[in-house]
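Asker: Take the two lone chains, each set in its own frame, and fit them into one complex as the hints suggest.
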Amino acid sequence: MNESVLMLTVVAAIGLGTPLIFATIGEIITERAGILNLGVQGMMLVGAVAGFWATFTTESLALGVIVAVAAGAAFSVIHAFTSITLRVSQIVSGLALTIFGIGLASFLGQVGSDPLVGNPSKKVFEPILTGGIADWPIVGPLIFGHDILVYVSWLVAFGASYYLFHTRMGLSLRAVGEDPASSESAGVNVSRVRYIHVIVGGALAGLGGAYFSLALVPTWQDDPIGAAGWIAIALVILASWRPGRAVFAAYLFGAAERIQFTLQTLGEPWSSIPSTLLAMLPFVLAIIAMIVLTSGKRARYLGAPAALGIPYFREQR
Amino acid sequence: MANRRFIVEPRGLASWRLRVLVPVLSVVAALVVGGIFLALTGENPFEVYGQMVDSAFGSTRGISETLISATPLILTGVAAAVAFKMLVWNIGGEGQFIMGAIFAAGFAIWLGDGAPAFIALPVVILAGGLGGAVWASIAAIPRVYLGTNEIITTLMLNFIALALMNFLIFGSSSPWRDPEVSTFPQGRPIPDAARLPEFFNRLDVGIFIAIALAIVAWFLIGKTGWGFAVRIVGDSADSARYAGIGVPQKILGIFLMSGAYAGFAGGLFVSGPVGALDPRSLDLGLGFTGIIVAALAGLHLLVVIPVAILMGALNNAGPALQSIGVPTATVSMLQGAILIFAVAGEFFIANRIRRPDPDPVPELEEVAA
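Protein chains in written order, with this note's numbering: chain A, -14 to 302; chain B, 39 to 407.
Honestly, the hints are just simulated from the structure, not real lab data.
Treat each hint with caution, since some may be false.
[Unchecked claim] Here are some chain A residues pointing at chain B (derived, C-beta under 10 Å):
id: 1; residue: M(-8)
id: 2; residue: L(-7)
id: 3; residue: G211
id: 4; residue: I222
id: 5; residue: A271
In this text, all values refer to a predicted model and were calculated from it rather than measured experimentally.
We treat Cβ as the ideally placed atom computed from N, Cα and C, and that holds for glycine.
The shape of chain B in the complex, shown without the other chains (with noise of 0.2 Å):
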């Protein structure tokens, strides 16, 4: 070991420079990987970028519409943030949000129009949460009490719920697909009762909604007793089975907590813009980005928010993109080079690297320094 030129050794706790340094390198990182190959295909890099920021914030419409493309990505990604840490590994964002969205879609046209919004609306979003709920427990409850490998079933259920989801429009006759069309089937609308109302171009109050929930769960896992307990099985379920905490019903909990949110996306998502089930509008990954989104903010349940609304910019920045003949699929790539370069960065967060010691140091030098 002594000819080494570095060491490597586990840190202790990172300083919080370090904690915010490390993620926005990442996006620097990713950006300049995402702009060689941009420049390697013939596109101007500073410009496309350029056009990217001008269409995320450069106008007011451009900032409303980056914030309806963060509102799902907050709840997605305090979804998979909640998981993860507990070392639930749900991938099923995506299903769960998809099933939140036929589970709010579904209560609202059964609710009809007879309902007033300050029932209709809570109604819709908690049902897309229990839709979420729901589709978690499918996996969860065989992990928690036979053992099952829930990374695998919970990416299953992600594709079993999108051909729920086709099967609700296109393969069927059922509430959720519009009767009225029938050259190529769409969702029903849902009453404009359970619609959430806008009040800046497009945006709706669903960014709140999204906001409150996030600092919700912040609350819950931070400040609670069930939090603390939930903590505690997250960094050694041995030594929470010894401090007496029920271990199974923790991990279910958290499991059903992280389906909710993802749910509540998919309520919010179709009681917000979209207004029906709709099979184009709602499969866009959002379960996934989630992901991205809790890697990128070190699974903290409040820097969630701010950079889903950095992701939010992004998605928002493929349309435009397409105006100058850039293609959409630079926004996913670069999305997915900042998850890499994110995923690297934990390495600095955990870890010190330093010069071996020089020969001993006197220890009267040190006195007198």
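Looking at chain A on its own, in the form it has when it is part of the complex (with noise of 0.2 Å):
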């Protein structure tokens, strides 16, 4: 039952979908303070080049993630800059911080006589809690036998769920997503709670970079993440910006990705639809469901933050 192809598909969307959850989640944090971010896709390629470059450099797997968190954190105040004390436009100032993540994180992958280009990874993240519990029908596979980083994104989401909804910080950050002018006589310092959580959203893509570069893709190339922080950014509407369903979202996402391999496995006539053609699916579910969640009516019910990307103006109140 455990080899069964659905089983073998679910357990590799859970693996595909790890990168998604720390991104979306990261992103629900920035976009619950009120501050769009679209340079998910260039925080989480300057984080993989980072905890890469680490892990190569000290062969240490935590070296690597720490300095990949702390890459996409300080790589994320670009963004708190422009948007939140510039208040420029988020949505260009998103793109550009994408746009040069993507080239930073290629240049820093081939720049130098000895360059990470083409280099496998010193250590992987290996699947731990293995062994008899792993082999339990369908709860085995599901919950033993990851790698540690996949327990951390539960841990994330749990605790970014808590956060959120039952701590006076959480209250506050919604508080200044929704209305920041009100938040701000009641008190709270708009533009700190901002900027932590642009901050702590650049971390989380950070991290969500690193498990590309060191568990599931572990060879350093130009562009080793896909779409993913794309993704991310849908993720996080389908998501209606509750870190509990963005890891359901994240599995389904990494389910879709996962499909090209499912559908070789079962034989004719499914393993001959052109891997090209399936190459598509995640995106056409994202516009699909883009298009029936966020349309009219619909839109208001979702939960997206006010103000979001809304610049908030103190002295112009």
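Answerer: Pasting the structure below:
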């Protein structure tokens, strides 16, 4: 039963969905503060290259993760500064962050006398909790035998959910995203809250990037993360800005990415569908979800932060 | 507020000097940051920049290659600029560019060798625009009639277009694929009649078509009644509605125009330097670079032209850097940095920073001065 096509697909979807969980929850936290950051793809790439480099130099996965998180966080400060302090268009600033991140990650991978590009990672995240328990029917492969970052992603989802809905700081965060002016009157420092949560979003995106370079595709190449950063931005809406739902949305898209391998194992006629066509599936899925979810009156019930994307001018109050 | 060191306040219309100065300084700042990165990684920034200028402008061949690279960027730059000006966030230039290329190559192959150039060329270029507009409409129609967020839909359409191009060449025996090459699949060469004539090394007349199309866009937006209505919608949808302007139709029109311009770029690229639907030559991020061009040009449709030439020069310098052992990605890093600084520079165009007024100045002095 654990070897059935469905099971194998679901297990693979968990792996492919994990970086999406990190990035999506990061973006949820950022957007809850009212800041739209389209730089996820760039932050993930910077995290991916930084984490890969750190593990490559030190042969330590822990350091790789720490450096990736720090790099993602540091890189997101650019967007925080332009969108919160300078109050320029968040859309253009986020795009700029992505375009810069793509170039920077690629540059850092190619530069130097002994460039990273083409090198396999010196250490890779391996499954833990393997052995007997991982063979239990259904529950075994679903819960056990993943690498440690999968469990970290569950903790992040749980922690983010608790933080957002059950803590005082989470309440201020949501208030800032809904109505910054009133929050300011209530004594919340809007700029500080926004800065912190843009940076937290960057840190999680960096972690998501490192999951690619240290677990999923542990050989450095120019573009190791595909479209994960962009998908994460769509998943935020699909998850209606709730971390718990982000986990399931991420696994759904993980499964969509996996579908070509699944169909191959099913034999004819499924295996004859060209993989180039199946590559469209996650994106088609995202567009349909977007049209269904964000159209017309339905959008109001989704729960988008009311002040999302709107610069906050304290002086003009 | 009294003890603040600086006061930031919105300014009305920025002077033209400032609007030239800010982008120029963005480029300089990006070069400085890029130089620091280069120096930290053991390269000599002056040597690298010298090599870039030399390869882009140092020879007639360099200049012609720069203009070849600039041609699609003029059009993807216009595509981004017209949309962003109206707050239509079409991030799908990439996909519309590819779809333009697919349509252009498709029509060229369908026309075959029989059609004379004076028919084939216009058909192919217009087909490119049509392809771009059709692809944009998939995001534009839900945006206008259902209120669907176009940022994500246009983005996703980029990846679908890319997958479609790969399918046509690598995943099927479509008419776009060259039937004579079986080892590594590639695009079928389009008929010679559908190729733009070259006049200066490899440079073809596409550069003039691109410049002409940019001027047409500037005229349409800046000088016609339709453009006037569109600009009102861009400034304030509410006042446009109040003035009786059909807002949805105007937004749809701009969205499709933006898509068509990205598609034109794909069409000119196929009928110009590439000559086939070739995924390796077309997947260069020209749609995204168009966003950089538009932002650096301050969304001005004519300024897009020189800025596109600058970005074309940068793109063109990439391969030359490789010959001196510097990564080609230096170029994309620099372009990204330029965009970051150009975006930050918007702040200085939109706002004035000044010292707080000192103690009230006696009026007499002011009169005397």
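Asker: Each hint needs a verdict: does it hold in this structure or not?
Answerer: Consistency of the hints with the structure:
1. M(-8): 28 Å, violated
2. L(-7): Interface hint status for L(-7) (chain A): violated (24 Å vs cutoff 10 Å).
3. G211: 9 Å, holds
4. I222: 7 Å, holds
5. A271: With Cβ-Cβ at 5 Å, under 10 Å, it holds.
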